[in-house]
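Visitor: Read off the chains here:
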Amino acid sequence: MTSDAGVRDPAHCFHCGEPNPPRSPWRTTIGAADAFFCCAGCVAVAQTIGAAGLSSFYALREHDSAQQRDGQSELVTEAACASTWIRLGDDGLSEVALLVDGMHCGACVWLLERFLQGQPGVRSASVNFATRRAQLRFSGSETGLRELLAAVARIGYRAFPYDPRRREALVRRESRSLLLRTSIALLAMMQVMMFAVPAYVSTDGVDPEYQALMNWASLILTLPVMLYSAAPFFVGAWRDLRMHRPGMDVPIALGIAAAFSASAYATVTRNGAVYFDSVTMFVALVLVARLVELRVRETAGDALESIAREMPRMAERLDCYPGGRVRDMVPAAELEPGAFVRIAAGASVPVDGVIVEGRSSVEEAVLTGESWPRAKAIGDAVMAGSVNRESPLIVRVTAAGASTTLAALSRLVERAANERPRIARLSDHAASVFVVALLAVAAISGAAWWTIDPSRALPVAFAVLVVSCPCALSLATPAALAAAAGAMGRRHVLCVRPDVLETLSRVTHVVLDKTGTLTTGDVHLTGITCHGTTDAEACKAIAGALEQGATHPIARALALQPRDLAAQDIVAVPGCGVEGVVDGVRYRLGRPDWAAAICALPASLDDVDGEGAETVVLLASDSGWIGSLRFGDTLRPSARSLVTSLRTMGLRVSLVSGDRESTVAQIAQAVGIDDQHAATKPDAKRAFVAALQARGAVVAMIGDGLNDAPGLARADVSIALGNAAALTQWTADAVMIGGDLARIAFAFRAARRTFRVIRENLGWALVYNLLAIPLAVSDHLSPLAAAVGMSVSSLVVVGNAWRLAGMNRIEPADAPPSMADAQWSSTVRYHAPSAAIT
Amino acid sequence: MDILFLLIPLSVVLVLLIGAGFWWAANNGQFDDLDGPAHRILADDDRPH
Chain A
739 MTSDAGVRDP AHCFHCGEPN PPRSPWRTTI GAADAFFCCA GCVAVAQTIG AAGLSSFYAL
799 REHDSAQQRD GQSELVTEAA CASTWIRLGD DGLSEVALLV DGMHCGACVW LLERFLQGQP
859 GVRSASVNFA TRRAQLRFSG SETGLRELLA AVARIGYRAF PYDPRRREAL VRRESRSLLL
919 RTSIALLAMM QVMMFAVPAY VSTDGVDPEY QALMNWASLI LTLPVMLYSA APFFVGAWRD
979 LRMHRPGMDV PIALGIAAAF SASAYATVTR NGAVYFDSVT MFVALVLVAR LVELRVRETA
1039 GDALESIARE MPRMAERLDC YPGGRVRDMV PAAELEPGAF VRIAAGASVP VDGVIVEGRS
1099 SVEEAVLTGE SWPRAKAIGD AVMAGSVNRE SPLIVRVTAA GASTTLAALS RLVERAANER
1159 PRIARLSDHA ASVFVVALLA VAAISGAAWW TIDPSRALPV AFAVLVVSCP CALSLATPAA
1219 LAAAAGAMGR RHVLCVRPDV LETLSRVTHV VLDKTGTLTT GDVHLTGITC HGTTDAEACK
1279 AIAGALEQGA THPIARALAL QPRDLAAQDI VAVPGCGVEG VVDGVRYRLG RPDWAAAICA
1339 LPASLDDVDG EGAETVVLLA SDSGWIGSLR FGDTLRPSAR SLVTSLRTMG LRVSLVSGDR
1399 ESTVAQIAQA VGIDDQHAAT KPDAKRAFVA ALQARGAVVA MIGDGLNDAP GLARADVSIA
1459 LGNAAALTQW TADAVMIGGD LARIAFAFRA ARRTFRVIRE NLGWALVYNL LAIPLAVSDH
1519 LSPLAAAVGM SVSSLVVVGN AWRLAGMNRI EPADAPPSMA DAQWSSTVRY HAPSAAIT
Chain Z
53 MDILFLLIPL SVVLVLLIGA GFWWAANNGQ FDDLDGPAHR ILADDDRPH
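Protein sequence lines, in the order shown, are assigned to chains A and Z.
For the first sequence, this note's numbering gives the first residue as 739, with consecutive numbering after it.
For the second sequence, this note's numbering gives the first residue as 53, with consecutive numbering after it.
No lab work stands behind these hints: they were computed from the structure.
Worth double-checking, as some hints may not be accurate.
Stated by the list, open to error - Ranges of calculated distance between the beta carbons of each label pair, as one might list FRET restraints:
hint, chain 1, residue 1, chain 2, residue 2, range
1, Z, F57, A, G791, 55 to 65 Å
2, A, R1160, Z, L62, 54 to 64 Å
3, A, D942, Z, L59, 20 to 30 Å
4, A, L1504, Z, L56, 42 to 52 Å
5, A, P1192, Z, F57, 44 to 54 Å
6, Z, L94, A, D1118, 44 to 54 Å
7, Z, L94, A, Y1003, 49 to 59 Å
8, A, P946, Z, L59, 28 to 38 Å
9, A, I1182, Z, I55, 45 to 55 Å
10, Z, F57, A, Q855, 42 to 52 Å
11, Z, A90, A, P946, 51 to 61 Å
12, A, T1007, Z, S63, 43 to 53 Å
To be verified - Which bits of chain A does chain Z cover? Going by a derived footprint, with three or more residues having C-beta under 8 Å, they are:
hint, stretch
13, 974 to 981
14, 1426 to 1439
The beta carbon of each residue, even a glycine, is placed where N, CA and C say it ideally should be.
So that you can see chain Z by itself, here it is in the shape it has in the complex (with noise of 0.2 Å):
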């Protein structure tokens, strides 16, 4: 049972990094605009890059 002792903590860090993910992509708009980027991902630029 000694793996707790990894395992435990490891899923407060998992979790804490979750957090933060979940927070950058609320700050960075993510959940502002639910409609666009669904029919942005069909669009593609016919020039190559």
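In isolation and in its complexed conformation, chain A is listed as follows (with noise of 0.2 Å):
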């Protein structure tokens, strides 16, 4: 074999390329010429390779493999509930599907096949590039999942047991079949097209005898077609009339069985035209035209399921934490509030807990929209789905499996994708009763044509079946809905109900609440001006009482003072403040108005004043004012381009806010806005929309939650902004996760071209109905022509909402994750077989 010298330099490790220590004593003859190693694992692994056969493995590598993480092999090696994932196929071996961490190139797929397959036991290995999923079928009495977990952690991957999901399976069966319907209807359609041609040119006729021959080829041609290719139509017709729903495989079905009984009888009876050519051809468009349906669903849906896919299914246990260090590999879902996990560096977070133990940061892009991991030291919350980057952390579980709120997320996600929008139902509704109007057409025009010309007859019905395409109405619009919901998908931005795209469509009116909206909610204390005898240090102590326990900003900063006061009698006053008693005293912490009411003195609210943008908090007793705390916000960078671009779009865009009206018009002149309304509380910010609305306007309102809910709950569409944590109290139609307005922006404009393309697709479809079925009626129209001309249609419309898909290369989404660096995260977020279709 050759070696690299690179490799081989004796500074750095052969195998992983981590630098070596001085002298290193772990070597090791690898081909001709002596490797050094940075530790006794590299060692052995590489002589693991070695005595496989497989050193090319270091030839043929295109990046040193990665480091080692910490830990990671006794976890492979202790995953224990093997059963859950082995099943057992019918010639009483045993399959199991893994997911492979750690390859990087063709060799890697290479290495592990080769290596598995000289496992004892093992039968067959298939490994999967795209998707990262190897394919095992051993024999159980001669080995074990433990095993081959642990031969395949001994050359330097990381194995886990995957789960392959019910749904995955059958969208693969799906792809797989439309695939192999559409190819074989296509094949037949080409040699069935040969045989018709000289029936075409020829202007003498054909030789009858020639013509049989090819008739019967041409039916021995289109019988696949007709039984395999079309079934999904004849199966479709049948559960719609079943249902007494006719959609658009009813005039499908009944057209090909009539041309096709039709033409067998002219074959056999050596009488009549046959329409075999017409038959495959159509058959193969249509099936076309679902397959790139197919592709459309498939990849929007892909962005959806990637956030619900994150979760890691086992999780590693200690046992009698803090004591002893026991551990154990449990699934994820059985673990109890209260439990003890250890999360390696690199790994994802299982369960939704509090780090007990260990300084890392983490990575929480799927939750928060946020790629940048954030430093997480003891106490911090850590959220299941999040990447553990640095360190070991060891975290008390406060809930897993499907309490987790990224189990809430998928939830969310999952019941708008089952709820079907208005436009769809309108969609199926209007193409039943199109069906229905088509199929009398058809009839009557073929009783017409049978009393004038009877041989016209049956070309004339099913032309007028084959030709009318409601093919807008089913395909398309369920398309473009789909796919515009998996461009927003991909930016976090998450429609939780399902007329969010319709809506949003619609809107003239925007109202923007200020705080965590534009701007980031991250409040911090930027002053206090003490009125009494009582210091600044015993304001925050006071006010950090009064706050302990509130969501608000304002209570967040504060909860990062020391706090040794307790407060009782709270109660918190929405849009005002919070009210309580501390020491015995009874203090108020809010608006200023609102807070100096509690005392007799005059409230000149001059006195508390804060420097522009700040939000000035006034803490009182009964006895007189205590001090003023300043709190400052900082702007949301994509704000103003956000204003600008709802303006370009033609919308009206106004400002609400609890805080004064100093601080409001300096934050509405920062983004452009020039309707602002200050100081309006909660059930003001709903008078408002509602009084918009009153006026005709269709209003969408932004807010971050919990102030801003009778508000969002009125408007037209609301979409909240935040991260996951608070997800399931709010009453939006939307959820954009993370802090880009820039993507709110986008939903609006995704959600025009949604609309503006179905309407596109319908008037398509009117034009095209209205001129193809008089035609059709009258008998200007072939069979062949009504089935080209459908067909067509169909094409031009799916691929109408197929540029919707297109979006994202127009507008990209947020930097994709590198596969480089999310180890386990890039593995799970798999490719769907339906790539393989393309």
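Take the two lone chains, each set in its own frame, and fit them into one complex as the hints suggest.
Guide: Below you can see the structure in the form of structure tokens.
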């Protein structure tokens, strides 16, 4: 084997590329020369690879293998719950699917396959590079899952039992069979066309002997198309008829069945015309349109699902922590709150919990849309689905399995996906009315032609059935909706309710909240003015005690202060502040005019005014003002561009906030809003939205949740911003995770484009059907022309909807998760099997 | 032109064979991974069989 001088460098490990210790004691002979290693583990891996005769791996690999991460091999060997993952095949062999982490290139696929096939008991191993999965068949009596996982770990990869979800299997079967049906129809179509050409081109007719031969050949080739390729149409038509909801499958099935039987009859009796070419071509092209539609839906579904897929299924539980540290691999869903789990560096967090040991940085991209890791230390919360980047953490479980935030998020998305939007229901309804009318037209024109010229009756009825195209309603509308939802999902704008897209596209007026929406909501204390004898520290302590447990941004800022006081009788007044008793004294903390009302002193509020965009909160007791606390907030960088793009779309933008006039005015000026409403309480926000609606506006409200709840509920469509933690309490129609406001503008644009495309498709379908159906009824369209016309029309509308899936190319989503450094998450976000059909 | 009586049935048989071949290929997962095999062909086992 060849040796790479760079890799043989004694200063760096031959296997992993890490720097070697000086005069490394770990060395072995690879090929003809000695190689040096950084640790005993790497020597062992290299020797295992060499002993298996696979050392050309080192020449083939494109990068040095990823650095071994702390504790992962024992983690793998302890994966004990084997029975859950192994499926017993019909032939007595066990089958398991493994998710393999750490594959970089084709060489890894080759190495893994060869190595696994060489293991005792393994009958076959196939590794899929695109999905990063290994499919193993082995004899259960000779080896076990534990041995196989250990074997994979010995050559430096991480393998996890992968539970092939049922839906994924379904999608795979669906796309495979559709691909097969389409290809067979296309194949038959080409050959049947060849047999049809002589009849079309000959001027004096084809010799009946040859014509009969070609008819028989066409019949044989059309049979598989009718029996296999067209089966979904017959099944669909039967299902539609049983449910009394005729869809587009009914005329298709009727048309091809009638044309095929008539042609078969004509072939057998050697009398009459045959339409095999029309039948096969029609089936083939309609299937192509469906294939395109399936692709659109799959790429969309993929984006939404990747969110739910991030969840690791196994967790490393620490029994008797903190006393002992016995590790045990258990299914993550079975953990009880209060248990302790260890999360290795580079691993995904399996549960919601609080850090009790260690510090690290954690990437929460899936939950917050924020791709930069956040520093986390003892006492900080971590959420299932985020990735621990730096060093191991020990976490006390607060929620596991179905109760985690991630699970709640995926349930929301799932619910939205299951509910059908109004426009889709309308389309379906319209399509079934259309189909019923169409069947009537076909029957009437067939009957009419029977009296005029019986030989034309069947071709005319067939042409009418085939030429009409309800696919703008049945195929293209759902595809367009799915494509748009997918494009938004990739930007972490999740539609929680079904009609969001439609309403968004009609919006005329956008109402923005300030705190947490235009600003980051990361409020911090900027200064304290003391009005009485109490000093600044005491002010902070009292305020902190009053706000303890609250989730308002100001409360969070105060929670950072040391807290040794406790408050009783806390009453929170939304939009005003909080009232409570500390050390026997009743205090109010909140909006200056409201807080000042607790004491008899006149509220000359100028005294407490802060500088510009600061928010001022007054702390007062019955005896007088104690202090005013000033809080600063940062404007989100994308706030101004959001307002500008909403304006360019012709939307009116208003800013409502519970804050003081001067604060709101400054923010409004900074982002370019002239319609601003300060000191608005939650109920007033609701009234404001209602007033706009009374004037005929379609209002979208964008807020951060709690304080805006009434307004969000009242608005025609609402988008809530923020992290996933508080998701479930929100009344919003859509949720944007993360802080990039540009995505909101994108959501508006996407909704508008989607509905423009749907309207275009409906317009096209209307014009097309109005032209084509009269032509067919009056016998000006041959069945072949009708089949071409309908298929082309389907492709036009579905292709038009496909343009929506391309929105990502025009406006790229945030930086894609980099495959190089997102270790575990990148492997889970595998490509859909459908990628293979393109 | 009698040759048509041979050629046309032959073409039908051929199409059916191609269709069956395609069927086999799709059901064997030949279209599932279009990336891996391209890399795999470059790799070779350095142990004589």
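Visitor: So, for every hint listed, does it hold in this structure?
Guide: Structure-based check of each hint:
Checked against the given bound of 55 to 65 Å, the beta carbons of F57(Z) and G791(A), roughly 58 Å apart, stay inside it. In this structure the hint that R1160(A) and L62(Z) lie 54 to 64 Å apart at CB holds, the actual value being about 56 Å. Between D942(A) and L59(Z) the Cβ separation comes to about 22 Å, which falls inside the hinted range of 20 to 30 Å. Evaluation of the 42 to 52 Å hint for L1504(A) and L56(Z) yields a pass: the beta carbon distance comes to about 47 Å.
About 33 Å separates the C-beta atoms of P1192(A) and F57(Z), a value inconsistent with the hinted range of 44 to 54 Å. In this structure, L94(Z) and D1118(A) meet the distance hint of 44 to 54 Å, their C-beta atoms being roughly 47 Å apart. Checked against the hint of 49 to 59 Å, the pair L94(Z) and Y1003(A) passes, with Cβ atoms roughly 57 Å apart. Distance hint check for P946(A) and L59(Z): the Cβ-Cβ separation is about 18 Å, which falls outside the suggested range of 28 to 38 Å.
Here the CB-CB span from I1182(A) to I55(Z) is close to 48 Å, well matched to the stated 45 to 55 Å. Hint check: F57(Z) to Q855(A), Cβ distance near 51 Å, so the stated range 42 to 52 Å holds. Checking the proposed 51 to 61 Å range against A90(Z) and P946(A) shows it holds: the Cβ atoms sit about 52 Å from each other. Taking the beta carbon of each, T1007(A) and S63(Z) are about 24 Å apart, not inside 43 to 53 Å as hinted.
With a threshold of 8 Å between beta carbons, the proposed coverage of the stretch 974 to 981 of chain A by chain Z is violated, since 0 of its residues qualify and at least three are required. Remark: the stretch 1426 to 1439 of chain A is not confirmed as covered by chain Z, as 0 of its residues place a Cβ nearer than 8 Å to a Cβ of that chain, below the required three.
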